[in-house]
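Undergrad: Based on these hints, arrange chains R and G on the given structure of chain F.
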Amino acid sequence: MTDPLEDARSPRDRAARQRFVLDDTGFDEVPKKYRRFYRKWGGVNDALARNEVLCPVCKVVIRSTRELRPGDRVYCMPCMSRLVVSVGEGGRLEALVAY
Amino acid sequence: MSDPHDLPKEVFLDEVHSFEFWFQAVAGYLTERPNGHDPSIEEADLNSSEREALITTLCNYAIGETAALEASSGMIRFAPNRRAKIFLATQVVDEARHLEVLLYRLSELGVTHLEEVVQSRANRSLLAFRKRLLQFVDGHDWEAALFAQNVILESMEFSVFQAHVERADPITGDMLTGIIKDERRHMGFGENELGRRLAETPHIRARLQAVKKELDPLVLDTFEDTLEQVGVERSERPELGRSYLASVERLGFAL
Amino acid sequence: MSGFLSAYSIQNWLESCPQGYLEDTQYGHAPGQTEPALVLDNPTLLADTIRTTVQLVVGERCALAASSGLINAAPDHASKAFLATQTLDEARHVEIFTQRLYDLGVKKSELESTLAEHANPNLVKFAEVLLEKVDKGDFIAGVVGQNIVLEGMAFSVFEMLQAAVSGVNPKFANTLSGTIADERRHVGFGENRIGSLIKQHPERKADVEKMQKEMAYHMLATFSTQFAQSGSAMQEGQRMAQAAEGNGAEAPAKWHGADLATATPEEMEGVLSDTVLKEFKVRLGRIGIEYQTPAAP
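Residue numbers (this note's numbering), protein chains in the order written: chain F, 141 to 239; chain R, 168 to 422; chain G, 300 to 596.
Excised from the complex, chain F in its bound form:
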C-alpha cells in the first residue's frame, strides 16, 4: 500500500513555497547532520516561523527548509514521531501524530 503521507506534496506545490536557510541553534539531541532541523521551544510566547511547527509529543520545534502547509509530512527525530501538518485553532499550524 502506498503511504498517503508520501504523496502529500506535489512538485508544483513545492515550487511555489518560500525557501529557508537553516542554521544550527544549539539543539544537541540528534546527530549533527540533523541538528539544524530542530530547535528548542521557548514556550507559549515563542512565535513559530512559516517553516516551523511544534511537535505535540515532545515539545520540540521542527523546522523545514521550505514553508510548511497543511497536509505536509514532517518527522520529529528527537521523539521518532511522524507528523502531518494541519491548521489548528486560530489558524496556527500544528502537527498531528500519524501512527
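Keep in mind that the hints were calculated from the coordinates and are not lab data.
Note that the structure is a prediction, hence the values are computed from the model and not measured.
Some clues are possibly wrong.
SDA-like cross-link-like pairs, simulated, lysine to any residue; straight-line CA separation at most 20 Å [to be verified]:
hint, chain 1, residue 1, chain 2, residue 2
1, G, K407, G, L496
2, F, K172, R, V178
3, R, K176, G, Y401
4, G, K407, R, E403
5, G, K509, G, L496
6, F, K180, R, G345
7, F, K173, R, Q191
8, G, K553, G, K580
9, G, K407, R, E177
10, F, K173, G, T324
11, G, K470, G, Q537
12, F, K173, R, E403
13, F, K199, R, A251
14, F, K172, R, L174
15, F, K173, R, A251
16, F, K199, R, E403
17, F, K180, R, Q329
18, G, K406, R, R250
19, F, K173, R, E182
20, G, K407, R, A251
21, G, K580, G, T563
22, G, K406, R, N248
Under 10 Å between C-beta atoms, here's a sample of chain R residues computed to sit facing chain F [stated by the list, open to error]:
hint, residue
23, L180
24, F356
25, E358
Built from N, CA and C at the ideal position, the CB exists for glycine as well.
TA: Relative to chain F, chains R and G alone:
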C-alpha cells in the same frame, strides 16, 4: 544534508531506531556531563529541610529509573521486531545511566548506604506501579508493558523532571536536563509504537483501557507526592499533568 | 573517576566506547569502507561469507536476549549497570552484522528468511540451552553461559576471522576489532563477578558444569558443520589471497600456529575447537568451575 522530512517512512524508522542514531545523538549532550552534570557548576547552599526533600525526591526518581531499567531490559526478549529490540537496548543503557547519575548525585549530597536509603524513602504507589509493570514484563505482554512503561511512566517522569528543573538547585537542574533529553526518545517510541499497533489491532484498546484504569491512581498519587516535594504549587499541578493526559488522549483513551 | 563508580559503570563505558574506539566509525568501520570486490564478485565466496555472517547475527541475537534478560536477575546495581552496557554492545553487534548482510546484497525484505535458511541448527540449540537459564532468572548459570562460554567462543571466532581477513578486507577487520574490544569487557565481567558468587554458592557448581558441557557440545557441532560447508570457499579464498599477495597485498597471517594461507577446513576446525576449549578450561578454572569435556559430536 537534504531535508530529513523527505526521507521515506521506512528509512526514517530504521534511522531513528538504530544504535548509530542513538550513538550520535547522545554524544551531543553526554560528553560535557561526566557523572551526569557539568563539573564546573558549584554546589548550592541547601538548608537541612531542602536537602532532605531533595534526597527523598531523588530516591523516588531512582526507584522509577530502576523500574524502567528492569522493564526495558526484560522487554527486549519479546519485542516484536529487530527495530524495537535495538531501540530498547539503547533505552536500557539510558535508564542505567540515569540510575547511576541519580545515585551519584545522592552521594554528592552526603548519602551513604545508597540502596537502603533509596528503599526507605520509596513512595508506596510507585513501588506498586513497579511491581505491576514487571508483572506485565514477566508475562511477555508487549502492549501492556509498553503502555505502562513508555507511555505512562515516561510521560510522568518527563513532566515531573521539567517542573523540577525550573525549581532545582543548579547541579540537580543540569542533571535532570540531560535526563529529559533521553526521555523524549523513550516517550516518543512508546506512543508511536503503540499507536501503530492500535491502528493495526484495535481490539487491544479495551484491554489497555483497563490497564490505564488500574494504573492511573498509582501514577497520580506518585505525581502529587513528588510535585509536593519539588515545591510545585497545588494550583499549577493540573497543568503539569497535561503531558501524560495529552499522550493517552492522542492514543484514543478516555480520560 | 570517583571511587564511587566501579569499572562496571556507564560512565566508564561512555569514556571507552562512544568517546573512545567507536568514535568516527559507521556501522563499526571507517565511513566509506566497502566489502572487497573479490568477495562480492565471486559467487562461492559471497555465499560462504553470507552464511558465516548469518551465524554472527544469530549468536549476537542470543547474546542480546541473554544480557538484557539477566539485568532483572542481577543482585546489585553495578552488575545491572554493566549488563545494561553489554545489552547495548550486543544490540550494536546485531546491527553491524545485519548491516554487513545488506552490504553483501541481502535484501532487507529477505533478512529473516536468509537467517532462517542459513542459521546453523547446532548454534540455535547452543542458544536455547543458555536462554533457558536466563528465562529462569538463574544469574550465576546465565552469566557463566553468556559471558564465559558464549563470549569466550565469540572472542576466539572473531580473532580467527580477523586474522583471516586482515590483509584482504579492512572493512570487516575494523568491524571485528571493535567487537573484540567489547568482548574483552564482557568476559572480564563474567570472570570477576561470577568468581565471587561461585565462592558464595558452591552448591551451584554441578548445575553450571552440566550447562557448560552441553553448550560446548553444541558449539563443537556448530564448528564441525560450518567448516564442512566452507571447504570450497576456503580454497577459493586462499587461491585469491595468494594472487592478491603477488600483486602486493598483505600475506594472510598465522593464527594459533595455523597458516591461514594453506590450512585445510579440518585443520582450522581443530585449531579453533582446541583454542576455545583450552580458553574455557582456564577461565572456568579461575572461577572455581571444573571444565567438563563434551562428547564428540
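Undergrad: Against this structure, judge whether each hint is valid.
TA: For each hint, the structure was consulted:
1. K407(G) with L496(G): violated (43 Å)
2. K172(F) with V178(R): Since the Cα atoms of K172(F) and V178(R) sit roughly 18 Å apart, the hinted pair holds (cutoff 20 Å).
3. K176(R) with Y401(G): holds (19 Å)
4. K407(G) with E403(R): violated (49 Å)
5. K509(G) with L496(G): Status holds; Cα separation ~18 Å.
6. K180(F) with G345(R): holds (14 Å)
7. K173(F) with Q191(R): OK: K173(F) and Q191(R) at ~10 Å, within 20 Å.
8. K553(G) with K580(G): violated (23 Å)
9. K407(G) with E177(R): Given pair K407(G), E177(R) holds - Cα atoms ~11 Å apart, limit 20 Å.
10. K173(F) with T324(G): Given pair K173(F), T324(G) holds - Cα atoms ~15 Å apart, limit 20 Å.
11. K470(G) with Q537(G): holds (19 Å)
12. K173(F) with E403(R): violated (38 Å)
13. K199(F) with A251(R): Violated. K199(F) to A251(R) sits at ~23 Å, over the 20 Å cutoff.
14. K172(F) with L174(R): At roughly 17 Å apart (the allowed maximum being 20 Å), L174(R) and K172(F) satisfy the hint.
15. K173(F) with A251(R): Violated: K173(F) and A251(R) sit about 23 Å apart, past 20 Å.
16. K199(F) with E403(R): holds (19 Å)
17. K180(F) with Q329(R): Given that 20 Å is the threshold and the Cα spacing comes to 13 Å, the pair holds.
18. K406(G) with R250(R): Within the cut-off at roughly 16 Å; holds.
19. K173(F) with E182(R): OK: K173(F) and E182(R) at ~13 Å, within 20 Å.
20. K407(G) with A251(R): Within the cut-off at roughly 16 Å; holds.
21. K580(G) with T563(G): With a Cα-Cα distance of about 26 Å, the restraint between K580(G) and T563(G) is violated, given a limit of 20 Å.
22. K406(G) with N248(R): holds (17 Å)
23. L180: Holds, about 8 Å.
24. F356: holds (6 Å)
25. E358: holds (6 Å)
The earlier numbered hints that this structure contradicts are 1, 4, 8, 12, 13, 15 and 21.
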